[in-house]
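Work the whole structure out from these sequences, hints included.
There are 2 protein chains.
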Amino acid sequence: MPIQFEIVAQDKVTRARAGLLHTPHGAVETPVFMPVGTGGTVKGMRQEDLETLGVQILLANTYHLYLRPGHELIRDAGGLHRFMAWPRPILTDSGGFQVMSLKPLGRVTEDGVWFRSHLDGSAHFLSPERAVEIQLALGADIIMTLDECVEYPASRETLHRAVSLTTRWAERAKRAFASGSGFGIGDLDSEPPTANPEFRAPNPALFGIVQGGTDKDLRRQSAEALLDLDFEGYALGGLSVGEPKSEMYDVAEFTAELLPRERPRYLMGVGTPEDLVECVARGIDLFDCVLPTRNARNACAFTSEGKVILKNARYARDERPLDPACTCAVCRRYSRHYLRHLFVSGEMLGAILATHHNLHFYLDTMRKIRQSLLLGEFAEFHARVRAGP
Amino acid sequence: MPIQFEIVAQDKVTRARAGLLHTPHGAVETPVFMPVGTGGTVKGMRQEDLETLGVQILLANTYHLYLRPGHELIRDAGGLHRFMAWPRPILTDSGGFQVMSLKPLGRVTEDGVWFRSHLDGSAHFLSPERAVEIQLALGADIIMTLDECVEYPASRETLHRAVSLTTRWAERAKRAFASGSGFGIGDLDSEPPTANPEFRAPNPALFGIVQGGTDKDLRRQSAEALLDLDFEGYALGGLSVGEPKSEMYDVAEFTAELLPRERPRYLMGVGTPEDLVECVARGIDLFDCVLPTRNARNACAFTSEGKVILKNARYARDERPLDPACTCAVCRRYSRHYLRHLFVSGEMLGAILATHHNLHFYLDTMRKIRQSLLLGEFAEFHARVRAGP
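Chains B and Z supply the protein sequences, listed in that same order.
Per our numbering, the first sequence starts with residue 1, numbered consecutively.
Per our numbering, the second sequence starts with residue 390, numbered consecutively.
Here are some chain Z residues pointing at chain B (derived, C-beta under 8 Å):
(1) Gly433
(2) Glu437
(3) Asp465
(4) Tyr727
(5) Leu731
These are calculated hints, taken from the structure and not from any lab test.
Glycine included, C-beta positions come from ideal geometry on N, C-alpha and C.
See below:
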């Protein structure tokens, strides 16, 4: 088995659990937040700083890396870990979400998706097999099947079609993954395994993605079909796409319940710090989201006192740390008025420091959640977070 | 005395010397390179990384900080060290160079310079007294007199006028510096000393600036006039403004010779790594230059094998470190093809890592120079650098 998942603590009241996810690049303590390193870098962060922050696993985007620098180049460089000098686990998405967001450029067919590069307009085709092939070339520890993610709101018919297609694609991905040793699977080309002796295909895990929008019947159909295919982990896709938050929580809980207890559950693209706590309570183990990093670049910090908009004039003479309750390197050294000055002046260091702090805030939230689970105190922690700052 | 300068080694062949410059914020080993932190940040670098790199003293630009966030704000924040969380020495320039570069917005009169902000077009006046006042509010360890820097080439008459004006301004700056305890000197406003108990005026040193272009007679006149005023250190201004390199070296050597041996000598705005070695050999102790940081942001790295233009296609599959001979954190971890990918993709991390490496290269060059001076081996080091990579 490429990955193994152990549950080390189970909350008595909620569905929250703490686990250990063993991957080819080491173990990950769950629940875990994965920072988004779109193009092989978490914008503004050095890999050594991510390590210091305690980042255990990164997400990288297949769409971006496929287009630039290209998956063959990364494969020949010895895989993404080696290319970007990141020794810890990596999860790659399938590229489908980006490709289908490129409207009107993305066109979904039974075979796969035709799309045009946002960089140069060139035409490309992504199939379930191709998505597996590209991700195997990137060499991630966990890879995702190609799925069809539908916008909110959508008709039941649209959702049903997407669930069916996602199921058929999951089957094809599973077959491609099982038959190929990774290379030469594709429908568009068939490269031989790399000549680079440094590249060791990390024998990744393949996760299936449950779709179905906010329709519980469809969620059940989707989950059951994927369970028949027996994936090493399951993701919840198509959430946090515009539906009300209460509905997101409800569907996440309902869907998580359908999935086998002993397999990791990944809620894609979620969310705020509160969402992390709420969705851990509903049985989720893995999360990724651009919020902490993207907001940081827009001068918005997550703190124990709520959001701090650093460009705000009220901080011009505020010499307090960004978050007085925070122990991160940024809060221990820098002040709000300096951070504001950096953002107002358009200095890179503003984004660098805010990204560091926001990631620390997310990771620290997760550490507190896990610690409370290990101590059997998750319910109290959950209640404190709900009460707000 | 706010600063004290000890010479700890003197080369037997050249005029190179190693020293210790004691400042209110600690001692600086000379010869030294000062990275440029224009707006209170060395672009892309965290202060903790500058410390790790061994940066001993930073340069900050009075013009930029005066306009944004304003010197009063920085004074009220407890001074620039505290504002930007940098505990080591800082040198500020007078603002004159930037103001006079803002043509046609800068207008030089006997009193000072009228200029318009590049940010909002507002009108401002900088006089020798005002430049001292602003720098005292910033709280640097070493501050500079306002001088008139002339473009190359210039007529002898223009150069002569600039030397005379620079001399009169130096006298006024010296008087303002001596009479004021820092605050309330200005001609435009007169703030009381700050109410912030954290602000301790660091009792800075004031350096005079020798002008005269490439005209040795004028350089001599300028130096002699400044020596009469007895500054705690002397800068060489108006070099590296377009004159041939050989002439720059020649004038630097000639001018350094005119200055007292026991005072530190600062060559402003110079230069390449080779320039550092050549000008140390001519008796210079302090340097600043935007080259390592600005070039880094433009994907140009200084290495032991010469310049590496990281966007070049030849590095697309080059998995070697940026500089195989370098021991910096970037060269120990990252590869050329990854750095190229970052720059081609417009990722911040490219500038961050290249800046780190380039600063390391400059600082390391200086450490090697100083070490060779302490060991009495500067001549050999000098010869090796001249021989090239």
